[in-house]
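2 protein chains.
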Amino acid sequence: MKIEVFFTPAEAATVDLEGRVAVVIDTLRATSTIVEALANGARGVLPAPSLEEAIRVAQNIGRSEVLLCGERRSLRVDGFDLGNSPLEFTEDRVGGRSLVMTTTNGTPAIVAGSAARRVLIASFLNLSAAAEAVASDGGPVAVVCAGRERRFALEDAICAGALIRRVAAAAGLDEGGGDWNDAARLAAEYARGMEGSLETVLRGTAAGRQLIEAGLEADIAYCATLDRHRIVPELRDHQMTL
Amino acid sequence: MKIEVFFTPAEAATVDLEGRVAVVIDTLRATSTIVEALANGARGVLPAPSLEEAIRVAQNIGRSEVLLCGERRSLRVDGFDLGNSPLEFTEDRVGGRSLVMTTTNGTPAIVAGSAARRVLIASFLNLSAAAEAVASDGGPVAVVCAGRERRFALEDAICAGALIRRVAAAAGLDEGGGDWNDAARLAAEYARGMEGSLETVLRGTAAGRQLIEAGLEADIAYCATLDRHRIVPELRDHQMTL
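If you read the protein sequences in the order shown, they are chains A and B.
When you line the first sequence up against the numbering used here, it's residues 1 to 242, in that order.
When you line the second sequence up against the numbering used here, it's residues 1 to 242, in that order.
Quick caveat, the hints were computed from the structure, so don't treat them as lab data.
Which copy is meant is left open, because identical chains are indistinguishable; a pair holds if it fits in one copy or across any two.
No farther apart than 25 Å at their CA atoms in a straight line, the calculated lysine to any residue pairs in the SDA-like style are these:
no., residue 1, residue 2
1, Lys2, Thr200
2, Lys2, Tyr190
3, Lys2, Ala13
4, Lys2, Arg73
5, Lys2, Ala214
6, Lys2, Arg165
Since the model is a prediction, treat every value here as computed from it, not as a measurement.
Chain A with its partners taken away, still in its complex shape (with noise of 0.2 Å):
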């Protein structure tokens, strides 16, 4: 089973994706956030690449009708309904909406991921049922960390190899091997070990230090929890739903 990690959206770029099921992690904290939404009864998430276009696009369906969502140095976009904590996308606040949202490295990474035959969402939250659905379709995959500005992120590197470790166990198949590249050889390898303590670690990481810095620390224990949702957000046009 071929499966490539790729650490930052430019590296996935540099491949095909067609043909592919793309899996798009950014653990801190827009995957981890739309999958939230999703579980707490989302109509949908519409991913936008920038504050503009995610404006643009509210206005065009009725900025009523939809919740703008998303932050920018991990905080709140001024006007805009809700930011990237996944505490704050309660069933009271998005149940039966549609949101669009824009995030500085989650949403440019799933539209990288656009182009693979299907994209799937994935976090810890909801991390056995990514790997489940992944590895009963079956087809080669490409894990697309978003990183952070443009750099590789440790928590979405861990996230990774713990998502390709499962895929594996659930495909009944060996880690690692020629079809597997260097970073998802890395990632699995660096990842055993570490779910007994995956607050620690992600408090300790680049994003997790700035989410502490901007009182956002609750956030941190919360995208480290496993399993929290047995759901699997996918992109079909333009749209995360189930």
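Starting from the known structure of chain A, arrange chain B on it as the hints suggest.
Chain B alone, transformed into the frame defined by chain A:
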């Protein structure tokens, strides 16, 4: 001590390298070959970003005055004097000569690093000498991994990790901490324990497997040798010298 590792030249290009000491690593094989060439008496190595540019530079200097070196798909370029195998760069062939070199991944990484205050060249062959030079410089460090075709390469990550562990030791500092980026922390942690089996690890990487297929597996063993030379090539006036 601020230490950042960038797994690809594109990641390094997202930050301002001014004021930093950059260390460029292309373990298989460009920086290993540059170290070997200078250790064997080459006068200097001029990196060129493309075949066309390498040929143009060589013709400007005088084709017979220089050795044209480099590879595409691991193999010596037609009409070039040498390829990119460190074993070719003997004292007989390169002693006293000026070299113009172009390789798929290594020379673009050197060009990417060239915005830094200093640009040093590292490989396993000169690992401890490079680490000591970095530690005694004392400035912020940017390790630029060449990667492979604009993607992550495991052998460069391990070499980067082994390097910065030695930098920390030489500077009397603990590994990691807030002023190491996520990639530096992963690389250092992963490299620990790999040093006893470098050749095996390098053979299993994507670059290693490509060299084996091309009949160049002796290069892997050579490039996996720790501290064969006590020299540190440095880029000055567009040329790497001692």
